[in-house]
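Participant: The primary structure of each chain is shown beneath.
Number of protein chains: 2
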Amino acid sequence: MARKSGSHADITGPKVREAALKLFARDGYAAVSMRKIAAEVGVQAGALYLYTPDKQSLLYDLMKVHMEELLDAWGQADTGGTPPERLEAFARFHIHYHLDRPDNIFIAYMELRNLDDANFAEIEVLRRRYEQGLIDILEAGNASGDFAVPDPKLAAMAAISMLNGVTTWFRDGGRLSRETVETIYWDMLRKSVAA
Amino acid sequence: MARKSGSHADITGPKVREAALKLFARDGYAAVSMRKIAAEVGVQAGALYLYTPDKQSLLYDLMKVHMEELLDAWGQADTGGTPPERLEAFARFHIHYHLDRPDNIFIAYMELRNLDDANFAEIEVLRRRYEQGLIDILEAGNASGDFAVPDPKLAAMAAISMLNGVTTWFRDGGRLSRETVETIYWDMLRKSVAA
DNA sequence: AGATTAACTGAACATTCGTTCAGATCAAGC
DNA sequence: GCTTGATCTGAACGAATGTTCAGTTAATCT
Chain G
1 MARKSGSHAD ITGPKVREAA LKLFARDGYA AVSMRKIAAE VGVQAGALYL
51 YTPDKQSLLY DLMKVHMEEL LDAWGQADTG GTPPERLEAF ARFHIHYHLD
101 RPDNIFIAYM ELRNLDDANF AEIEVLRRRY EQGLIDILEA GNASGDFAVP
151 DPKLAAMAAI SMLNGVTTWF RDGGRLSRET VETIYWDMLR KSVAA
Chain L
1 MARKSGSHAD ITGPKVREAA LKLFARDGYA AVSMRKIAAE VGVQAGALYL
51 YTPDKQSLLY DLMKVHMEEL LDAWGQADTG GTPPERLEAF ARFHIHYHLD
101 RPDNIFIAYM ELRNLDDANF AEIEVLRRRY EQGLIDILEA GNASGDFAVP
151 DPKLAAMAAI SMLNGVTTWF RDGGRLSRET VETIYWDMLR KSVAA
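Chains as they are written, first to last, in the UniProt record's numbering: chain G, 1 to 195; chain L, 1 to 195.
If you are wondering where the hints come from, they were derived from the structure by calculation, not from laboratory data. Among the clues, some could well be false.
Because identical chains share one entry, a pair is satisfied inside a single copy or across any pair of copies.
[Claimed, not checked] Below, simulated BS3-like cross-link-like pairs (lysine-lysine); rule was C-alpha separation at most 25 Å, straight line: (1) Lys64 / Lys22; (2) Lys36 / Lys64; (3) Lys55 / Lys36; (4) Lys55 / Lys15; (5) Lys191 / Lys153; (6) Lys64 / Lys15; (7) Lys153 / Lys64; (8) Lys15 / Lys36; (9) Lys36 / Lys22.
Small disclaimer: the values here were computed from a predicted structure and weren't measured.
The whole structure should be built from the sequences, with the hints applied where relevant.
Facilitator: Structural data, given as structure tokens:
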């Protein structure tokens, strides 16, 4: 047997990345074999190598695309305004964006250690750029007198850690709605940096 | 060759757990082979099975001991007082305790998915117990009027996420001292739950 | 209809995995 | 000094790993 019907290259390619994303997030990069990814796609392991040069590239591509899309999306969501307004936009954007992509953020923050050195360096640049966006807001708020943040870099790390945490426990249909969660988190963040 | 000199059982046993902790935290459970652990200890892989029935038990034991010691330590550090006092004690304890044991917390929160079902259930009970301690403080603070926390459970998750984050970037000898970091984190937490 | 080619299979490769175990080695007890 | 028993080695087990590739199938092109 070979391909069953129709042209599958543009279908199987994305399916490979989706399967890898799902399985890497659930079981971790090292625990997922190429054969498991192939089974999830509905294909033999050898066929995966039509879409990725190797397993490592699969992880790297997932991370890179995620970070680039994240930076792009935040670039569009950041419509300016006062530092408190921009911080609220950031908090709501970050939570909203990641609740829609829990697998992506899980990989982005948990599988960094499984990137080889060169790939890690590239992803790290993108991650720093995203964090720097938040740092800039906090510094602007300090300057305007809206915030009282003794160390913007530290506060940015703390804020992102807090916001990221939501993906580890939030489930749709649970006790709280997305809207409620988003608002409560924003409220905590707002107060934590307030002057 | 067999054992070189002296009785090694009470030396090798702890060394196995230390090596496993270090390597699991650095590379992840699935990426660490028994042979790598053995090499770190300075022994052949077969010898590990004198100290653990299997690899899974090694992970489970590390987690269980960590959680039990954590609960025990917090039980001693929680000396009572007003809710704000207890919250400060919690924040400082949590940061201090985990900065001394970065490998432990990394495993405790990252390798849960590598526990089999029965082991996971046991560890989960301990983790919930620790989180409940924080929830109790937040509820007490709501009752006393010191805090304004709309959802103590959510706030507890957010607070722990934030505090845990410190271990991912803090390094001794870096820009900030432990004392400074501890105080800044506590200050952010204090404000975030304040009435 | 025949040729071409993209898409995939299935088997194979060297290596590594967790785990077992017979045997070697050495410290301690008699 | 001989025995015992704790401690560890080194080899082996079947299974699984990432990756390669010759061959097979079916859609497309001429």
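Participant: Next, verify each hint and record whether it holds.
Facilitator: Checked hints:
| no. | hint | result |
| --- | --- | --- |
| 1 | Lys64 / Lys22 | within (16 Å within a copy, 28 Å between copies) |
| 2 | Lys36 / Lys64 | within (22 Å within a copy, 30 Å between copies) |
| 3 | Lys55 / Lys36 | both (12 Å within a copy, 22 Å between copies) |
| 4 | Lys55 / Lys15 | within (15 Å within a copy, 33 Å between copies) |
| 5 | Lys191 / Lys153 | both (17 Å within a copy, 18 Å between copies) |
| 6 | Lys64 / Lys15 | within (17 Å within a copy, 38 Å between copies) |
| 7 | Lys153 / Lys64 | within (23 Å within a copy, 34 Å between copies) |
| 8 | Lys15 / Lys36 | within (13 Å within a copy, 34 Å between copies) |
| 9 | Lys36 / Lys22 | within (11 Å within a copy, 28 Å between copies) |
Violated hints are absent here; each numbered hint is respected by the structure.
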